[in-house]
Amino acid sequence: MEEGRSTASAIEADSVSLSQRRSNFIYQFTQQSLPACKPVLSPVWVVSVFFVVGVIFIPVGIGCLHASRSVVEIAYRYDVECIPAPFRGNKLAYIANDFIPKNCTKHLKVPRSMKAPIYVYYQLDNYYQNHRRYVKSRSDRQLLHGLEYPDIGLCTPEDVINGLPVVPCGLVAWSMFNDTFSFFRGVHELNVNRKNIAWKSDRDHKFGKHVFPFNFQNGSLIGGARLDPNIPLSDQEDLIVWMRTSALPSFRKLYGRIEEDLDADDTISVKLLNNYNTYSFSGSKKIVLSTSSWLGGHNNFLGIAYLSIGSSFIFVAFLFLMLHIQNPRSYVDTSNISWNWKHISD
Amino acid sequence: MYERTQSHISLRELDHESHQKIDRPYELLHVLEFSSSRRRMSVIVRNVENQLLLLSKGSDSVMLERLSKNSQDFVAVTMDHVKDALIEAAADEIERDLILLGATAVEDKLQIGVPECIEKLENAGIKIWVITGDKMETAINIGYACSLLREDMEQIVITLDSPEIIELEKKGDKEAVAKASRESVANQIRRGTLLLSSYEGRSVSPALIIDGKSLSFVLSQNLEGSFLHLAVSCASVICCRSTPKQKALVTRLVKKGTGRTTLAIGDGANDVGMLQEADIGVGISGVEGMQAAMSSDFAIAQFRFLERLLLVHGHWCYRRISMMVCYFFYKNIAFGFTLFWFEAYASFSGQPAYNDWYMSCYNVFFTSLPVIALGVFDQDVSPRLCLMNPELYKEGIQDILFSWPRILGWILNGIICSVVVFFFTTSSAVHQAFRGDGRVVDFEVLGVYMYSCVVWTVNCQMAISINYFTWMQHLVIWGSIAFWYAFLLIYGAFPPLFSTTAYQVFVEACGPSPFFWLGTMLVVVSCLLPYLLYRTVQTEFFPMPHDSIQKWQRETSDGRRGKLREKDTLLCK
Numbered sequence: 001m002e003e004g005r006s007t008a009s010a011i012e013a014d015s016v017s018l019s020q021r022r023s024n025f026i027y028q029f030t031q032q033s034l035p036a037c038k039p040v041l042s043p044v045w046v047v048s049v050f051f052v053v054g055v056i057f058i059p060v061g062i063g064c065l066h067a068s069r070s071v072v073e074i075a076y077r078y079d080v081e082c083i084p085a086p087f088r089g090n091k092l093a094y095i096a097n098d099f100i101p102k103n104c105t106k107h108l109k110v111p112r113s114m115k116a117p118i119y120v121y122y123q124l125d126n127y128y129q130n131h132r133r134y135v136k137s138r139s140d141r142q143l144l145h146g147l148e149y150p151d152i153g154l155c156t157p158e159d160v161i162n163g164l165p166v167v168p169c170g171l172v173a174w175s176m177f178n179d180t181f182s183f184f185r186g187v188h189e190l191n192v193n194r195k196n197i198a199w200k201s202d203r204d205h206k207f208g209k210h211v212f213p214f215n216f217q218n219g220s221l222i223g224g225a226r227l228d229p230n231i232p233l234s235d236q237e238d239l240i241v242w243m244r245t246s247a248l249p250s251f252r253k254l255y256g257r258i259e260e261d262l263d264a265d266d267t268i269s270v271k272l273l274n275n276y277n278t279y280s281f282s283g284s285k286k287i288v289l290s291t292s293s294w295l296g297g298h299n300n301f302l303g304i305a306y307l308s309i310g311s312s313f314i315f316v317a318f319l320f321l322m323l324h325i326q327n328p329r330s331y332v333d334t335s336n337i338s339w340n341w342k343h344i345s346d
Numbered sequence: 001m002y003e004r005t006q007s008h009i010s011l012r013e014l015d016h017e018s019h020q021k022i023d024r025p026y027e028l029l030h031v032l033e034f035s036s037s038r039r040r041m042s043v044i045v046r047n048v049e050n051q052l053l054l055l056s057k058g059s060d061s062v063m064l065e066r067l068s069k070n071s072q073d074f075v076a077v078t079m080d081h082v083k084d085a086l087i088e089a090a091a092d093e094i095e096r097d098l099i100l101l102g103a104t105a106v107e108d109k110l111q112i113g114v115p116e117c118i119e120k121l122e123n124a125g126i127k128i129w130v131i132t133g134d135k136m137e138t139a140i141n142i143g144y145a146c147s148l149l150r151e152d153m154e155q156i157v158i159t160l161d162s163p164e165i166i167e168l169e170k171k172g173d174k175e176a177v178a179k180a181s182r183e184s185v186a187n188q189i190r191r192g193t194l195l196l197s198s199y200e201g202r203s204v205s206p207a208l209i210i211d212g213k214s215l216s217f218v219l220s221q222n223l224e225g226s227f228l229h230l231a232v233s234c235a236s237v238i239c240c241r242s243t244p245k246q247k248a249l250v251t252r253l254v255k256k257g258t259g260r261t262t263l264a265i266g267d268g269a270n271d272v273g274m275l276q277e278a279d280i281g282v283g284i285s286g287v288e289g290m291q292a293a294m295s296s297d298f299a300i301a302q303f304r305f306l307e308r309l310l311l312v313h314g315h316w317c318y319r320r321i322s323m324m325v326c327y328f329f330y331k332n333i334a335f336g337f338t339l340f341w342f343e344a345y346a347s348f349s350g351q352p353a354y355n356d357w358y359m360s361c362y363n364v365f366f367t368s369l370p371v372i373a374l375g376v377f378d379q380d381v382s383p384r385l386c387l388m389n390p391e392l393y394k395e396g397i398q399d400i401l402f403s404w405p406r407i408l409g410w411i412l413n414g415i416i417c418s419v420v421v422f423f424f425t426t427s428s429a430v431h432q433a434f435r436g437d438g439r440v441v442d443f444e445v446l447g448v449y450m451y452s453c454v455v456w457t458v459n460c461q462m463a464i465s466i467n468y469f470t471w472m473q474h475l476v477i478w479g480s481i482a483f484w485y486a487f488l489l490i491y492g493a494f495p496p497l498f499s500t501t502a503y504q505v506f507v508e509a510c511g512p513s514p515f516f517w518l519g520t521m522l523v524v525v526s527c528l529l530p531y532l533l534y535r536t537v538q539t540e541f542f543p544m545p546h547d548s549i550q551k552w553q554r555e556t557s558d559g560r561r562g563k564l565r566e567k568d569t570l571l572c573k
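Residue numbers (full-length UniProt numbering), protein chains in the order written: chain G, 1 to 346; chain W, 1 to 573.
Rather than coming from a laboratory, the hints here were simulated on the basis of the structure.
Quick reminder that beta carbons are idealized off the backbone N, C-alpha and C, glycines included.
Heads up, a few of these hints could be off.
[Claimed, not checked] Sample of chain G residues lacking proximity to chain W, with all beta carbon distances greater than 10 Å (derived):
1) Leu34
2) Asn90
3) Val135
[Stated by the list, open to error] With a straight-line Cα cutoff of 20 Å, these simulated EDC-like cross-link-like pairs (lysine to aspartate or glutamate) come out:
4) G:Lys195 <-> W:Asp356
5) G:Lys253 <-> W:Asp437
6) G:Lys136 <-> W:Asp356
7) G:Lys115 <-> W:Asp356
8) G:Lys253 <-> W:Asp356
9) G:Lys200 <-> W:Glu508
10) G:Lys115 <-> G:Asp263
[Claimed, not checked] Derived coverage of chain G by chain W (criterion: at least 3 residues anywhere in the stretch with Cβ under 8 Å from a Cβ of chain W; other residues may be distant):
11) 38 to 45
12) 112 to 121
13) 170 to 180
14) 226 to 239
15) 262 to 272
16) 308 to 318
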């Protein structure tokens, strides 16, 4: 690039240099000689990379473990406990019989102080909400548009009862969870906030504001909860939470939030209605109260995994360092190269 | 003849009756083309009197055979005219009393760079045969000139120019000649094999030289096996006086007999058969016309460019393709097996773990471009070093990079990755909340979580496997990962009736969750750990030749550690 040109020739020279640069680039591209970085796994590189990763992972692991351990969780399995003694032998008969009262009161002890909000979940095990037939058995269009949308073939057998269509149709809605819980600390009932438990996008865009339950649970087989036909689907948060199918056979779903603090050693009484039938497939039900941290609920796995992986990286880094110090190899030595070829030269 | 069109030939003839020159057109009906086996050419014409005439010309030996019995009268006179003695007598009268002007010599030079090229290719483990139409002395001289033959090499010569055979040929008995020739060739091959066995273990094997006549007996009389056995044990083979057909037949013999890959290089029309017969045909375009180049797989301008074609591009191509195939298996196994492990937790009902569109786009958008970048652009060693170290080429000859242990190793890597991805994601997100607001992991979130881990893992695996990072590799690898998130955003913005389980899953559920990002980082690093360990141990303690070359290249580069700017010259000088 020469200095001191007039503007006209400067523009000309610029366009020339632009085409030169472009053809230079094309030349490099077609001749496969682009400027390149060729990383090589040299010992210094390896040791430093492993060390750096280890050094990053260990504090992250400690942070995650700390977050997980700061969460206080109370889980109580009640499906067997809540069956009165005479019916323990024939659970199915118990659960199917509407005349047997399903009330049950259990006491939970709070191990450490729990700060509001405290999340209340119900946990189901051995319940394959991710089974293909089950997942298919719903109609998203009907959930959004209601009776206007007639084609609900996928919902069989829960699509038409007594000649009339069912809203919401399908097995997923039909099997909705219907145990209820209320919590007491002494005589004072803890207020459980049942609003805002579903995802906002589901409430606003997947369930219609003008769709009402119709002909629901009217058949001979009752699968779960009944729905109030006067509340539109977008406000039926329990249904929305239930309809968001889970990934694994053991899952929790949000029931509500307790907005008060609980102190250590408090005794919480849970008055629940044991309506839901998990006995016919040896499932189990649990009631869970849990606080949350920035990372979520109580699961030490992430923290422990980070710590293990981080420490193994550091261990390997040291191992390599030791081995390299013991056995230094010079790479400028070309005889080293010819040695390596003996084993492929035959 | 004064005019010739496609259909007519016009001759100006002397009419017998009027003794005048008249023009007579002949209608051209058919041409029987010349061929080297027939050695004649004929045309069929119709003259003005509506007679059909066949006019034929060819070499004298061939035409005399075809004369009818009653036209022998001109034969003797014509043969007299063609007789050598008369021609010699005529030439002798003319070529007298000459003035000496000087002396000339013709040096048919080899192209520049041919000896060096051949030496490099021999160092690379490639056996070189010369099949030429020249006579034996010329071929041997060429062999010495391009260092195929060396002073200390013994030469095994198989020829039918011995006195006994020539005697028999003079006698004219074809059967006896054939029998004796076959005997002679078989004997010579046997002698050559005996000589060879006495050379076992010595560094310099002898060279084999065979002429075209012997070659025709070898190829037609079931002597191929012994000939091939002798020939492949020799350092180099020169076939002289070969016809184009023999060139092709020898190539086929080597190809089928040894089962190795053959490459034929030639520059003339007589090499076309050989070029097409070989696995790879390289045509040199230029002096002798374009026919060789047009019938070849690769066309180059000079012989010495073969060096670069094989040692640089051949070497790279082998590496790229074997690496690409192994990687393809790996990435699809890593992806597919996560679906399989998920089925174990969905009671094998066939429910896929991911949204349909994620799965459809996996091989198209999120993991395809890096593979293409690998298969087209990867370079393990710079061109200069490829040319300096021809021994690197042996990696390809011995198929080291695409052996069963390697393929199975990559498949195992894929399975391990899928196991780590699935079990780490499901163990970290069992049923507890994954965000500060108490929400739990559901089917949609787990799908995105696992899929992001898979996409990150296979792309980072690519990043640590390739040896050559230009801006393009950076763009496609990190771009593919970024494109996944962009896709998720765009797809999630579509109405829920279309995007079903992906509706706003990233924006609302996964994106704001630190657990999601920390989990992804953990899974990706854990998946890559086995491969990193393997590679480090292998390069450190059991380096393969190209690893050593790479390290050597890096240590002796200009002081910038970790980067090497290569602006190689285009052709080797």
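Outcome, coverage of the stretch 308 to 318 of chain G by chain W - at least 3 residues whose beta-carbon is closer than 8 Å to one in that chain: holds (count 4)
Restraint status (C-alpha distance of Lys195 (chain G) to Asp356 (chain W) at most 20 Å): The given pair, whose Cα atoms are some 32 Å apart, is violated under the 20 Å limit.
Given pair status - Asp356 (chain W), Lys136 (chain G), alpha carbons within 20 Å: OK: Lys136 (chain G) and Asp356 (chain W) at ~13 Å, within 20 Å.
Quick check: do three or more residues in the stretch 38 to 45 of chain G have a beta carbon closer than 8 Å to a beta carbon of chain W? Held - the stretch 38 to 45 of chain G has 7 residues with a Cβ nearer than 8 Å to chain W, which meets the minimum of three.
Checking one constraint from the list: CA of Lys115 (chain G) to CA of Asp263 (chain G), max 20 Å. Satisfied? 8 Å, holds
If you draw a straight line from the CA of Lys200 (chain G) to the CA of Glu508 (chain W), is it 20 Å or shorter? Distance ~8 Å between Lys200 (chain G) and Glu508 (chain W) Cα, so the pair holds.
For a C-alpha distance cap of 20 Å, please report whether Lys253 (chain G) and Asp437 (chain W) respect it. 13 Å, holds
Per-stretch coverage check for the stretch 170 to 180 of chain G, three Cβ contacts closer than 8 Å to chain W: As far as the stretch 170 to 180 of chain G goes, the hint is violated, because 0 residues have Cβ atoms under 8 Å from chain W.
Within the assertion that chain W covers the stretch 262 to 272 of chain G, do at least three residues meet a Cβ-to-Cβ distance smaller than 8 Å? Coverage by chain W is violated for the stretch 262 to 272 of chain G (0 residues, Cβ < 8 Å).
Just double-check Leu34 (chain G) for me: nearest Cβ-Cβ distance to chain W has to come out over 10 Å. Check fails; 4 Å does not lie beyond 10 Å.
Take the C-alpha atoms of Lys115 (chain G) and Asp356 (chain W), compute the straight-line distance between them, and say whether it is at most 20 Å. 41 Å, violated
State whether the coverage of the stretch 226 to 239 of chain G by chain W holds or is violated, taking the criterion as 3 or more residues with Cβ-Cβ distances under 8 Å. The restraint on the stretch 226 to 239 of chain G is violated, since only 0 of its residues have a Cβ under 8 Å from chain W and three are required.
Figure legend: structure checked against the earlier numbered hints; hints not met, in rising order: 1, 3, 4, 7, 8, 13, 14 and 15.
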